[in-house]
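Chemist: Sequence:
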Amino acid sequence: MTEIQTIYGQLQNILSVKIESAPDEWDRLFNVDFFIKIGEKYIGLQIKPVNSGIQLPEIHKEYTLQAETHKKFTEVFGGKVFYLFSTKVGDKKEIANKEVIKEIQKEIERLH
Numbered sequence: 001m002t003e004i005q006t007i008y009g010q011l012q013n014i015l016s017v018k019i020e021s022a023p024d025e026w027d028r029l030f031n032v033d034f035f036i037k038i039g040e041k042y043i044g045l046q047i048k049p050v051n052s053g054i055q056l057p058e059i060h061k062e063y064t065l066q067a068e069t070h071k072k073f074t075e076v077f078g079g080k081v082f083y084l085f086s087t088k089v090g091d092k093k094e095i096a097n098k099e100v101i102k103e104i105q106k107e108i109e110r111l112h
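Each residue of the sequence shown is one higher than the last, beginning at 1 in this note's numbering.
For the record, the hints were derived by calculation from the structure and aren't laboratory data. All values reported here derive from a predicted model rather than from experimental measurement. Idealized CB from N, CA, C, for every residue including glycine. Among the hints, erroneous ones may be present.
[As the list claims (entries may be wrong)] Per label pair, the in silico range of CB-to-CB distance: (1) E94 / S21: 19 to 29 Å; (2) K18 / V76: 18 to 28 Å; (3) G39 / D91: 32 to 42 Å.
Work the whole structure out from these sequences, hints included.
Modeler: Following this line, the structure appears as structure tokens:
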């Protein structure tokens with residue numbers, strides 16, 4: 001639930017676009033948790049909680065494992081898949097990799 005609040009509460013407001021939960025099939029086939037619809041194309045979002053217990057090698061391993069499914073998503077739906085990392089700051093969840101927001105904005109512009 002906290003990842004959903006991170007996405008809907010922060011990213012949706014920043015980007016001024018509707019973010020929707022991906023169908024279960026997309027999660028299984030493409031490793032996508034959420035999507036943004038731009039015309040007839042879609043941008044995928046993969047959400048990962050990050051804390052002191054998750055290490056860089058684990059994140060890299062997951063990128064590698066999911067790279068092929070994310071490539072297939074782009075081939076089918078036209079948009080890229082972006083990783084968003086949520087982290088706890090005080091008692092709130094925040095987007096840890098805020099630089100990805102600009103990348104998502106560029107992809108939205110490209111698909112328009």
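Chemist: Hint by hint, say whether it matches the structure.
Modeler: Results of checking the hints against the structure:
no. : hint                  : verdict
1   : E94 / S21: 19 to 29 Å : holds, 20 Å
2   : K18 / V76: 18 to 28 Å : holds, 20 Å
3   : G39 / D91: 32 to 42 Å : holds, 39 Å
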